[in-house]
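Taken in sequence, the protein lines are chains A and B.
Take 1 as the starting number for the first sequence in our numbering and just add one per residue.
Take 1 as the starting number for the second sequence in our numbering and just add one per residue.
Take these hints with a grain of salt, some might be off.
[Unchecked claim] Which bits of chain B does chain A cover? Going by a derived footprint, with three or more residues having C-beta under 8 Å, they are:
(1) 24–36
(2) 151–157
[Stated by the list, open to error] The following label-pair restraints were derived from C-beta to C-beta distances:
(3) A/Gln114 with B/Asp154: 32 to 40 Å
(4) A/Arg297 with B/Pro124: 30 to 38 Å
(5) A/Gly33 with B/Phe348: 37 to 45 Å
(6) B/Val76 with A/Gln137: 40 to 48 Å
(7) A/Val300 with B/Gln47: 27 to 35 Å
(8) A/Pro409 with B/Ser91: 54 to 62 Å
(9) B/Asn7 with A/Glu200: 51 to 59 Å
(10) A/Glu200 with B/Arg18: 39 to 47 Å
(11) B/Val76 with A/Pro92: 36 to 44 Å
(12) B/Phe348 with A/Pro365: 30 to 38 Å
(13) B/Asp154 with A/Asn285: 40 to 48 Å
(14) B/Val76 with A/Gly361: 49 to 57 Å
(15) B/Phe348 with A/Val311: 37 to 45 Å
(16) A/Val311 with B/Ala158: 55 to 63 Å
[Unchecked claim] SDA-like, lysine to any residue: derived pairs with alpha carbons at most 25 Å apart:
(17) B/Lys336 with A/Met601
(18) A/Lys317 with B/Asp41
(19) A/Lys317 with B/Gly48
(20) A/Lys251 with B/Arg179
(21) A/Lys251 with B/Glu121
(22) B/Lys340 with A/Asp75
(23) B/Lys74 with A/Lys315
(24) A/Lys251 with B/Ser131
(25) B/Lys74 with A/Ser227
(26) A/Lys251 with B/Thr155
(27) A/Lys315 with B/Gln47
Worth flagging that the hints you see were computed from the coordinates, not collected in a lab.
A quick note: this is a predicted structure, and the numbers were derived from the prediction, not measured.
Ideal Cβ placement from N, Cα and C applies to all residues, glycine included.
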Amino acid sequence: MGSLFRSEEMTLCQLFLQSEAAYACVSELGELGLVQFRDLNPDVNAFQRKFVNEVRRCDEMERKLRYLEKEIRRDGIPMLEIPGEVPEAPQPREMIDLEATFEKLENELREVNQNAEALKRNYLELTELKHILRKTQVFFDEHEGGASTTESMTRALISDDPNKHMGQVQLGFRDKQESLEFLPCFVAGVILRERIPAFERMLWRACRGNVFLRQAEIDTPLEDPSSSDQVYKSVFIIFFQGDQLKTRVKKICEGFRATLYPCPEAPADRREMAMGVMTRIEDLNTVLGQTQDHRHRVLVAAAKNIKNWFVKVRKIKAIYHTLNLFNLDVTQKCLIAECWVPALDLETIQLALRRGTERSGSSVPPILNRMETLEDPPTYNRTNKFTSAFQNLIYAYGVATYREVNPAPYTIITFPFLFAVMFGDLGHGAIMAVFGFWMCYKEKPLQAKKIDSEIWNIFFGGRYIVLLMGLFSMYTGLIYNDIFSKSLNIFGSSWRQNYNESTLTTAKSLQLNPDSMDYLQHPYPFGIDPVWQLAEANKIIFMNAYKMKISIIIGVFHMLFGVCLSLWNHLYFKRRISVYVEFIPQILFLLLLFFYMVLLMFIKWTSYGPSPPNFDDVRTSGYCAPSILITFINMMLFKTDPNMRTDCDDTMFAGQMGLQKFFVIAALMCVPVMLFGKPYFIMKEQKARASQGHQSIEASAENGTAGGAPVPASAHHDEDITEVFIHQAIHTIEYVLGSVSHTASYLRLWALSLAHAQLAEVAWNMLLRKGISTLIIIHTLSTCRAACRTRRRTCACGRCRWRTRSSPRSRGTCCSGKACSPRATRAASTCTWCSRAGPPSPSPSWC
Amino acid sequence: MKGCIFNIDAGYLEGLCRGFKCGILKQSDYLNLVQCETLEDLKLHLQGTDYGTFLANEPSPLSVSTIDDKLREKLVIEFQHLRNHSVEPMSTFLDFITYSYMIDNIILLITGTLHQRPISELIPKCHPLGSFEQMEAIHVAATPAELYNAVLVDTPLAPFFVDCISEQDLDEMNIEIIRNTLYKAYLEAFYEFCKLIGGTTADVMCEILAFEADRRAIIITINSFGTELSKDDRAKLYPRCGKLNPDGLAALARADDYEQVKAVAEYYAEYAALFEGAGNNVGDKTLEDKFFEHEVTLNVNAFLQQFHFGVFYSYLKLKEQECRNIVWISECVAQKHRAKIDNYIPIF
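Turn these sequences into a full structure, and let the hints guide you.
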């Protein structure tokens, strides 16, 4: 059997790698992705392993890369995707180069950032100073106006000769000796806007109301140099008197992280200072621009490679992680690894190892030993891009035991088909298939795009499933004869209506009788007859009956198939007991109960139907057809249908009651076999072995491994017998209840199919038809209007010309008193209209 | 009845908190941590726990203070998250927890300014959970009265401070008294608040807070021997919400040496056990450690009950203990001083 049927055969191998060659070999194996290493030192702490230093160095490199990435993102520079191939893991000696490169980049960037920050801080200070000068100007101007509430202070401030104090106030504090007695000092500064209320309250409390604060908001946000956030700030100016208050105010300002700036008192000084500040800001701007340019250049250079570097560093890290799983042999010369490998790929792995050795320049070839083991190997299913999606579907439910039958290949058909049963619509299916086909066709370019959207990746990962689901839906859509909830009449319906016209126009609903001439007596060649599309009253009832039965039939066959697969497992693992006490009762249970029900459906389909026109036998007519559901329930309850119609037979065929009773009893007999059979045999075996001694265990184990079949076949010998009982009980209950509930669950195929059909109809009526019709109306309206306009013009002229030509005649006819022909009147009426548009002419007098 | 409607407001946060609690390091983690040779090893091991990559962006070489900062940062982020999503009365409860950090911060700042340290150097040392707006301007004040009038009157600590307003200058002694008076007022207020909430919260929190109060009383007494603190003043500092109140506190107020304190504790079964095992000899655990251990047990027990706010308090305290443990171990590792590395207090 091919590898598609079962999971791959695995062997445990021991790998002896030379210390120098180990890195290259693991790198090669990593690219191959076929080997699963086992942890040989599970007791050793993460930080006590051999290559922990290398792992740590990789961590450090990753940190630097993350820092770079963050900076690149902050500047919004696009990071180039890795063009083409993913880079291979670099040699260990390249690691030092990489480290050096990253180190250099990081340092450079940090330096640039530091410079930029210092410059920005400078810039911020200057801007704040600029704002202070501007805003305080307003304050001072107001004071000069003299209308403010603090008149005394104002007056003091603008003392008669402000120039007297020029140049003496450097930090904004008035020199005391020269000032007047009550002249207040002031400080000016900038503070975060949200701190203003607390700041003001604190000032008031700490200085007992002896200060005066004015503040104004700076409208534009300023950039905080350390975090490069935009912050809003306010300018404030505080007036006070005395040295004690000065220290106190300064302390509070410091506490609230307000920055204080010198602000000269004289307007002329302020103006001069403002000029100076402006020029310095301009200078700084150019310097800042250059720094930013430099930073940008560094980052752009880094952005080209960063993805590549990330891959490289991660690969190195992964390799050292793997090497940490290895054992060191006594001589420290070589590393010992244990790994699971697929038996078929041993050659490839050998080759990869050889490549690795060559690359590392080592002379000693690595040794790959097969090991015998009693352990359960891991399950490995080889997949390709087509089967991998289906395999993942299976994995979502569980991973099969080693060498068990892999259900994935069957899923390739059953999954899309069961979907299509629910999604049967030619139109919708076609849309889906086109979408799936597009994804498959554009596979490579789409893959290269590396779209991150999770939803997209779900669809793209399952592109082959989508394609198949679409195709199968088209097929079931054809069978349901459903295309956007409409029908196709390809072969011509087998139904005719023979009503006369008056009935057709008056009656609300009409019946077509299959026993009469209405039915052509041969079915529609493929799928459902399109006439059902017109049957408003009983279309759903008809479809339900059909789809329900189909669902159960599909379901029962599906389950039977699944149980049959277990036979292959039992045979393969040589579990003969399981075949007799598990598989056979299981399949009997299913056959006798549910497959019998399926048979009843077919019997019902074939033996009941419209009777020939003469109604000779009512017992085979639809009138007498029994309900399958009721029949089945009665079969389980051992009773007959009390509501049977009088003219009809009790049974569908002779001997049905007896057969049914036998089936039910036989099926129920299967349950205890399933329940107790296996534990009983195991118990017997154990007893026999106990008398024989323990030799047989070893023998059977050896047989197991030598025969290619793995150990599990004999593994449960050592289990406690009660555990076997419990396990078997759970298994049996699950199977019996499962087969009932699964049968019911397959009805969901019908339910969802019904839901889809109904929704499709709603969608057609409410969305598509309305949308299309309004579209058409709008379209026709607009084209009409345009056409009318042009036609009006041409026709008007045309008709007019004609009128002028024929008017004498028509007037003549009209005036002669004879009846006007319709054509003539039309011509005449057009002409009257024309006459208004055209040159005035004598209107006909006959109308 | 309270339990029925508890989840409406606090169910999500309690679940979150219990989830956080599961990330607290286990005994096996500590066993691994003490084996570390360097701080890098420590980092590597912590990466495997709930701390994850909290140190990943720190350049080597690591220092203990970085680890401490990062541990604290993580805890603070978690707590702030809980606080931001809470509603009354839980938000007040969580605020109450932060008040103790505010008290610590105030005392730290005052002491710092008293020793002429610049405020900018002190601010980073403050606990972020206890920071408040006016905190940095605290050095304006020279006397407790000023401190109250200028700084604290706007903070939630104002009601606790009423007892300490005086016109004396701030000095070492004064500051200690302020700290303990504040703490006393705070503990009593918190105790009352928990009583007010009632239900399981009261059961759990009152137990923990009563222990906290008694511990403070005992520690204050022991530390006051040989200082100029008078017995009357000392008695004023005892929080009066513990189990020692009132007889035990009265006896403590009269105590003159360690033995007498121990004699007082003899009357209370749980405290007697703590004094029993404590000693200053090598290999013995100090009384302080014993107290910590008892606190940890109480806090762990808080998680045994559901539908109460105690878990948030307990989580914070347990996590703090864990931070102390990790920092202790890292200090031992960094200083190559492995003899005492086992002196951490395991939580689970």
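Comparing the hints with the structure gives:
Check on the region 24–36 of chain B: 3 of its residues sit with their Cβ under 8 Å from a Cβ of chain A, so the three-residue criterion for coverage holds. Proximity of the region 151–157 of chain B to chain A, defined as three or more residues with a beta carbon under 8 Å from a beta carbon of that chain, is established by the 3 residues found. Distance hint check for A/Gln114 and B/Asp154: the Cβ-Cβ separation is about 38 Å, which falls inside the suggested range of 32 to 40 Å. For A/Arg297 and B/Pro124, the Cβ-Cβ distance of about 35 Å falls inside the hinted range of 30 to 38 Å, so the restraint holds.
Checked against the given bound of 37 to 45 Å, the beta carbons of A/Gly33 and B/Phe348, roughly 40 Å apart, stay inside it. Range check, B/Val76 to A/Gln137: about 43 Å between beta-carbon atoms, so the 40 to 48 Å window is met. Evaluation of the 27 to 35 Å hint for A/Val300 and B/Gln47 yields a pass: the beta carbon distance comes to about 33 Å. At about 60 Å, the CB distance of A/Pro409 to B/Ser91 agrees with the hint of 54 to 62 Å.
Checked against the hint of 51 to 59 Å, the C-beta distance between B/Asn7 and A/Glu200 comes to roughly 43 Å, which is inconsistent with it. Distance hint check: the CB atoms of A/Glu200 and B/Arg18 are about 44 Å apart, consistent with the given range 39 to 47 Å. As the Cβ distance of B/Val76 to A/Pro92 is approximately 41 Å, the hint placing it in 36 to 44 Å holds. The given range of 30 to 38 Å is broken by B/Phe348 and A/Pro365, whose C-beta atoms sit roughly 51 Å from each other.
For the hinted restraint 40 to 48 Å between B/Asp154 and A/Asn285, the CB-CB distance of approximately 41 Å keeps it satisfied. Take B/Val76 and A/Gly361: their Cβ atoms lie about 54 Å apart, and the range 49 to 57 Å holds. At roughly 40 Å, the beta carbons of B/Phe348 and A/Val311 sit within the given window of 37 to 45 Å. Distance hint check: the CB atoms of A/Val311 and B/Ala158 are about 59 Å apart, consistent with the given range 55 to 63 Å.
Straight-line distance between C-alpha atoms of B/Lys336 and A/Met601 comes to about 84 Å, which puts the hinted pair past the 25 Å bound. In summary, the hint linking A/Lys317 to B/Asp41 is supported, as the alpha carbons are separated by about 17 Å, within the 25 Å threshold. The suggested pairing of A/Lys317 with B/Gly48 holds, with an alpha-carbon distance near 16 Å, which does not exceed 25 Å. Of the supplied pair hints, the one linking A/Lys251 and B/Arg179 holds, its CA atoms being roughly 23 Å apart against a limit of 25 Å.
At most 25 Å may separate the alpha-carbon atoms for a hinted pair to count; A/Lys251 and B/Glu121 meet this at roughly 15 Å. Of the pairs offered as hints, the one joining B/Lys340 and A/Asp75 is violated, with about 49 Å between alpha carbons and a cut-off of 25 Å exceeded. Restraint check for B/Lys74 and A/Lys315: the C-alpha separation of about 30 Å exceeds 25 Å, so the hint is violated. Note on A/Lys251 and B/Ser131: the hinted pairing holds, with a Cα-Cα distance of about 18 Å set against a maximum of 25 Å.
For the proposed pair B/Lys74 and A/Ser227, the alpha carbon gap of about 20 Å is at most 25 Å, so the pair holds. The straight-line distance between the Cα atoms of A/Lys251 and B/Thr155 is roughly 19 Å, inside the 25 Å bound, and the hint therefore holds. Among the hinted pairs, A/Lys315 with B/Gln47 is consistent with the structure: their alpha-carbon atoms are about 20 Å apart, no more than 25 Å.
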